[in-house]
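Trainee: If you want the building blocks of each chain, they are given just below.
Number of protein chains: 2
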Amino acid sequence: MVKVGLLGCGTVGSGVVKLLEQNRDIIAQRAGEEIVLHKVLDRDVEKCRRLGIASAKIAADVEEILKDEEIDIVVELIGGVEPACSYVLEAISQGKHVVSANKDLIAVKGREILEAAEANRVDFYYEASVGGGIPVIYPLKQSLAANRIKEVIGILNGTTNYMLTKMSREGLNYEQVLKEAQELGYAEADPTSDVEGLDAARKIAILSSIAFNSRITLDDVYVEGITRITPTDIKYAAELGYVIKLLAIAKEDEEGQVEVRVNPAFIPADHPLAGVNDVFNAVFVKGDAVGDVMHYGRGAGQMPTASAVVGDIIEIVRNMRSGCNSRLGCTCYTEKKVLKIEDTKSRFYIRMSVVDRPGVLAGIAGIFGNNNVSIAAVVQKEGGEMAELILITHEVKEKDLRKSLQEIKELPTVKDIGNVIRLEGIDKE
Amino acid sequence: MVKVGLLGCGTVGSGVVKLLEQNRDIIAQRAGEEIVLHKVLDRDVEKCRRLGIASAKIAADVEEILKDEEIDIVVELIGGVEPACSYVLEAISQGKHVVSANKDLIAVKGREILEAAEANRVDFYYEASVGGGIPVIYPLKQSLAANRIKEVIGILNGTTNYMLTKMSREGLNYEQVLKEAQELGYAEADPTSDVEGLDAARKIAILSSIAFNSRITLDDVYVEGITRITPTDIKYAAELGYVIKLLAIAKEDEEGQVEVRVNPAFIPADHPLAGVNDVFNAVFVKGDAVGDVMHYGRGAGQMPTASAVVGDIIEIVRNMRSGCNSRLGCTCYTEKKVLKIEDTKSRFYIRMSVVDRPGVLAGIAGIFGNNNVSIAAVVQKEGGEMAELILITHEVKEKDLRKSLQEIKELPTVKDIGNVIRLEGIDKE
Ligand SMILES: NC(=O)c1ccc[n+]([C@@H]2O[C@H](COP(=O)([O-])OP(=O)(O)OC[C@H]3O[C@@H](n4cnc5c(N)ncnc54)[C@H](OP(=O)(O)O)[C@@H]3O)[C@@H](O)[C@H]2O)c1
Ligand SMILES: NC(=O)c1ccc[n+]([C@@H]2O[C@H](COP(=O)([O-])OP(=O)(O)OC[C@H]3O[C@@H](n4cnc5c(N)ncnc54)[C@H](OP(=O)(O)O)[C@@H]3O)[C@@H](O)[C@H]2O)c1
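As you go down the protein sequences, you meet chains A and B in turn. Numbered according to the numbering used here, the first sequence spans residues 514 to 942. Numbered according to the numbering used here, the second sequence spans residues 514 to 942.
I should point out that these hints are in silico values taken from the structure, not numbers from a laboratory. Keep in mind the model is a prediction, meaning the values are calculated, not measured. Hints may contain errors.
Repeated chains share a single entry, so a pair holds when one copy, or any two copies, can fit it.
Said to hold, decoys possible - Here are the simulated BS3-like pairs of lysine-lysine, each with C-alpha atoms no more than 30 Å apart in a straight line:
| # | residue 1 | residue 2 |
| --- | --- | --- |
| 1 | K654 | K531 |
| 2 | K679 | K799 |
| 3 | K516 | K799 |
| 4 | K679 | K654 |
| 5 | K531 | K850 |
| 6 | K910 | K853 |
| 7 | K912 | K850 |
| 8 | K516 | K654 |
| 9 | K692 | K922 |
| 10 | K516 | K894 |
| 11 | K531 | K663 |
| 12 | K799 | K654 |
| 13 | K560 | K580 |
| 14 | K910 | K858 |
Isolated chain A, as found in the complex (with noise of 0.2 Å):
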């Protein structure tokens, strides 16, 4: 029997308890033990006694888990980087497995974190930090581990996936449906982590330091969030044969640079990723020998996040019944360049409202011809006396267009640049 301390009774670690009881029979079969839950902790003592867990379950303080040496596996639900890291490390140090669903902690201790746990001949198991319930991690490190992974995308973030969703469908603006997101539950009171890209960008950390063998953390990530995006984005978007996404995206170069960022962008409503609407999450892999894969699924939730957290448990046992903890630590073996956001090259969408008259456009085409941008479409929308003008590139430098855009605001003939988009999904020209 493995006896499993918990600590964090919240969304997910009540969705743990539940599973763990639900699933008793055929989870001790897999695992070949039974499982239990030995104790629980919470801020709120309340929250374990509604699920029922008996008074001599619940801890006084986290002491009564991690010094409890009865206890094989503390699962780390409460969240954040502090106390959680010290909570982990200190299981850690106790030789406790542990398994976490935490990204902000991840996305930042990872290593520490990873290193500790091989130290102490240990698991740490993360699989419900990416992508909720949608298996991701481990199929990353084990059956595409041949590959030479070139690109990682993902849609990460069910909040913002769900409001892009609904403005695309029904044409409603970034303020309408983040209030019907909060009103739903999907968008919390501050959805700043979700809106502005957090919450994806810890995420893609996460997964780029998997796929590229290269700690990655939060702040090797270049983030974009969505409050910018526009019904008139979208519509321009749909004409053109694209959808707006929040992409996480991680690519390495033929030079092994890598690029990691979080911004909204063009995809081919033919992609694959296009037809991931409302709360699902998705994440698409580019490797030299298996090419396109994709995983699909709920990437938050109560019971989707336990699904991958009492997976990582049960996969922990049978590490310790065949005596083989820490078979599968640290994966970051080498150390790969980060490029600068200004390097990284992107096609992008341009809208600008310029004035409608003869020679405008030449003004701006010259100042693109000489920054090295070049553009691949331009549609004009006839408004009166102002034009709105879409602009597709070619890939270009990211330095070039900012400076090109810098010198276009100058322009008087130039109102204003309502939304530079950067493409993504789209086979090399």
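Please build the complex by placing chain B with the ligands on the supplied structure of chain A, with the hints as guidance.
Mentor: For chain B with the ligands alone, coordinates are given in the frame of chain A:
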């Protein structure tokens, strides 16, 4: 250094040779040890030579590999049940780990091989046998292990998916697309195994054994192919909001009885599987905790399949290094009853030609009613003296449907029952 012996240097075998060479550095890093090809066998020695394999590494007969004490892992890529089965069992009895992509073999001899592997404490891995490069077998055994799997629905055969996609997009008939697929090399000269659904049946036998922890073999799978699908059915499907796919389906009911079948089916146009086109494969899994998860990618082809094979080799080497081979062998802990097709329940699309006069529908509806077949929708297409009648049923027992159709066929007003196709992927009524 770990030494691999390769049986079969055809499409996938040569992919494995290439991949081990091309990604030698990262494979060694990820496995923790260098992996080298020690000996290769093929009926046709020229195939090995063309890949640049040194003469010293080309085996004269299979025993040279199976008896070679230096070889740790045997990769079986010759295909078919025999002699592959004997070779695999002998390798296992010699204490060698085995990787295979051979669905024909595993769908009939899976239990025997996995039990032998367990008895000899070696690994038998077979990720490539289903869905080519798509990670699906290990995610089911690992990340999703906390779930009671309710349903696995796969598009598991690239050839037929290509054909149906083509029929949908271009209105071509079965013979036309088969010819085209053969010209493009997507279908074999003898396409039986693909178009009659046998290839998909082998794969769903393998997947359902894992999902339900009960051994399902090819014989347990009910199979219908795509040869009777017409452009008319595809057109009506589209009109009603569906697409037709060849689905491999495995379900477990509340009483723990399972049904496993391959048949063409209507699925809603907004179902994630509906967007899986051309030669792509996908596996859609419904778990009680995780909800809906889908894995998508290239289900065949040299390098995608080699990706899975080499992924398995890496995993075995990791196990060797931690001394835990055989940690995850046969997972068929129980024996579940497989329902006969007559006892399964489905919704159906029925297309029939009837005489166009009053009372005809009443007669047909009466027979359905007497047999507990409840009709959800009827569309009548006028066409001169005859009319085409399209019916969609509610969920009915297959037995009841068949009995009604027998009786309906006898009606003088019914000229012909054109086609009967199941509906799938619709949430319970
Ligand atoms: N929810 C999801 O869908 C989801 C999906 C993927 C990953 N995750 C991750 O899973 C983790 C848990 O998320 P959640 O949604 O379950 O959060 P939650 O509902 O806020 O649960 C956290 C629980 O831990 C308690 N807690 C926090 N700090 C504590 C401390 N120092 N000592 C004792 N108890 C403490 C909290 O109590 P108070 O409420 O009193 O603070 C709360 O009951 C997070 O890392 C999150 O990022 C969540
Ligand atoms: N191709 C794919 O995309 C794919 C995808 C998933 C799984 N698979 C599976 O992978 C396996 C290999 O497929 P494949 O496409 O690579 O087949 P293949 O191209 O026909 O390769 C098989 C090779 O093995 C040789 N061979 C057969 N029997 C032999 C024997 N007894 N002794 C020595 N050599 C023998 C064959 O030689 P001859 O040609 O002279 O017979 C051939 O060179 C099969 O089990 C298949 O189901 C294939």
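Trainee: With reference to the structure, classify each hint as holding or not holding.
Mentor: Against the structure, the hints:
1. Taking CA atoms no more than 30 Å apart as the test, K654 paired with K531 passes in both settings, with 29 Å inside one copy and 21 Å between copies.
2. Proximity of K679 to K799 under the C-alpha cut-off of 30 Å is found in both arrangements, the shortest distances being 28 Å within a copy and 25 Å between copies.
3. Taking the shortest alpha-carbon separations for K516 and K799, only the inter-copy value of 28 Å comes in at or below 30 Å, while the best intra-copy value is 39 Å.
4. For a Cα distance limit of 30 Å, the shortest separation of K679 from K654 qualifies neither inside one copy, at 34 Å, nor across copies, at 36 Å.
5. In this assembly of identical chains, K531 and K850 lie within 30 Å of each other by CA distance solely across copies; the values are 28 Å between and 44 Å within a copy.
6. In this assembly of identical chains, the alpha carbons of K910 and K853 lie at most 30 Å apart only when taken from the same copy (11 Å versus 62 Å across copies).
7. Taking the closest pair of Cα atoms, K912 and K850 come within 30 Å of each other only inside a single copy of the chain (18 Å); across copies the shortest separation is 64 Å, beyond that limit.
8. Proximity of K516 and K654 under a CA criterion of 30 Å is satisfied in both settings, with 27 Å inside one chain copy and 22 Å between copies.
9. When the C-alpha separation of K692 and K922 is checked against a cutoff of 30 Å, the pair qualifies neither within a copy, at 33 Å, nor between copies, at 57 Å.
10. For the homomeric pair K516 and K894, neither the shortest alpha-carbon distance inside one copy (66 Å) nor that between copies (65 Å) is at most 30 Å.
11. For a Cα distance limit of 30 Å, the shortest separation of K531 from K663 across copies, 18 Å, qualifies, whereas the shortest one inside one copy, 39 Å, does not.
12. Both within a single protomer and between protomers do K799 and K654 lie at most 30 Å apart by alpha-carbon distance, with minima of 14 Å and 23 Å respectively.
13. In this assembly of identical chains, the alpha carbons of K560 and K580 lie at most 30 Å apart only when taken from the same copy (23 Å versus 61 Å across copies).
14. Only within a single protomer do K910 and K858 lie at most 30 Å apart by alpha-carbon distance; the minimum there is 4 Å, versus 58 Å between protomers.
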